[in-house]
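Chain by chain, the residues run as shown.
2 protein chains.
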Amino acid sequence: MEKFLDGEAIAALEKLERAALINSITGFKSLNLIGTCNKTGHANLAVFNSVIHIGANPPLMGFIVRPDSVERHTLSNIEEIGFFTINHVNKEIYRQAHQTSARYSKDQSEFDACGLTPSYKNGFAAPYVEESNICIGLSHQERIDIKLNGTVLIIGKIEHLYFPASVWSKDGFVDIEKAGTIACSGLDSYHQTERLSRLSYAKVDKLPEEIVVAYK
Amino acid sequence: MEKFLDGEAIAALEKLERAALINSITGFKSLNLIGTCNKTGHANLAVFNSVIHIGANPPLMGFIVRPDSVERHTLSNIEEIGFFTINHVNKEIYRQAHQTSARYSKDQSEFDACGLTPSYKNGFAAPYVEESNICIGLSHQERIDIKLNGTVLIIGKIEHLYFPASVWSKDGFVDIEKAGTIACSGLDSYHQTERLSRLSYAKVDKLPEEIVVAYK
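Chains as they are written, first to last, in the working numbering: chain A, 5 to 220; chain B, 5 to 220.
Possibly wrong hints are sitting among the right ones.
Any copy, or any two copies together, can satisfy a pair, since identical chains are not distinguished.
[Unchecked claim] Heads up, simulated DSBU-like pairs for lysine-lysine below, C-alpha to C-alpha not over 30 Å straight-line:
| id | residue 1 | residue 2 |
| --- | --- | --- |
| 1 | LYS7 | LYS110 |
| 2 | LYS151 | LYS95 |
| 3 | LYS182 | LYS19 |
| 4 | LYS161 | LYS210 |
| 5 | LYS151 | LYS161 |
| 6 | LYS207 | LYS220 |
| 7 | LYS43 | LYS95 |
| 8 | LYS207 | LYS43 |
| 9 | LYS161 | LYS7 |
| 10 | LYS151 | LYS210 |
| 11 | LYS174 | LYS210 |
| 12 | LYS95 | LYS182 |
| 13 | LYS220 | LYS174 |
| 14 | LYS95 | LYS220 |
| 15 | LYS174 | LYS95 |
| 16 | LYS43 | LYS110 |
Read the hints as simulated data drawn from the structure, not as lab findings.
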């Protein structure tokens, strides 16, 4: 049976039920830990399921943040020092990643509280997550305020990038499934993945073919 | 072995290799077909892996579009009629969904060319995809131009929502994995999922527990 809800029915839902519903229906989401620190070097870590690709040249990534939530430390640190890290969550650390969303005080580091290890590499100002397999260091480029609901889109440029050499394919594709990265749905559902296939570049006059992943 | 690339090394990559690399490292992405039509009723369909959650109240979703790409018909149609649909891609239709990214002419509908069925429901102006299990009708709310690279963030408000009643859980969570929705990585890699667990709301003084999904 198909369920139909219009705008009025959605608005009439209880607040937490509506949040769970609307957060579910976007589709699967990326799952990343964002590492920051303030000028005194106090490290902060927060889990985000809103990291997105903005563009490849220049290499840009973004994420949505709510200034009024626990994630505000992430935003204020980024605006304070101008740098942040994005770290993929894998099966071994998703419980710790989830735990970073608890409302720790500004004096407490989520790294310590949740059992993850900050790692400073190649002179980059913000901390990476040592337990993460794919780690990205970014410089803050732009803050876009979304007036419709008071959220903010933060865009950063990739300055440093780390990933296992064994998952890099000859055409540039990074096999994040092989690296152990997991996906998220809704607010709290965590999923491992199984590749169906890679498909060749779509052309009008022929059907796509499967791409066999060949590593470098 | 860990691979390290800095901004200079990324910039020096061949264009397609860089695109494949940077598109891979965001993490898993949603996979949706966006349905639109113009004033004369000509239907258009395009696959997007950039649909994101913007907020639950009001219920807002967004996606990133490149005005200079094949997806420009989607953008011009949305600006012409003010409405669009977002339709989840499942295992049965991901090849057809991929094929919508071929450069069909403005006179050709991707629905016909790719073997998907347009569906008009409850007086909504834009076409849904009949083969999709979760379908969302949205009104255009805002266009945000990202000057850093000329992309555009389109934000819509959910007006109509359809999903299988059997995948709705008592707390509002929609089990999109049970509905057959798949995920994407990179530009062309398609993945089915397997839930690890849902975790309870994180609190400072206790570890998260597994949530057993109970359907309505």
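Taking each numbered hint in turn, which are not upheld by the structure, reported in ascending numerical order? Violated hints: 1, 2, 4, 7, 10; rest satisfied.
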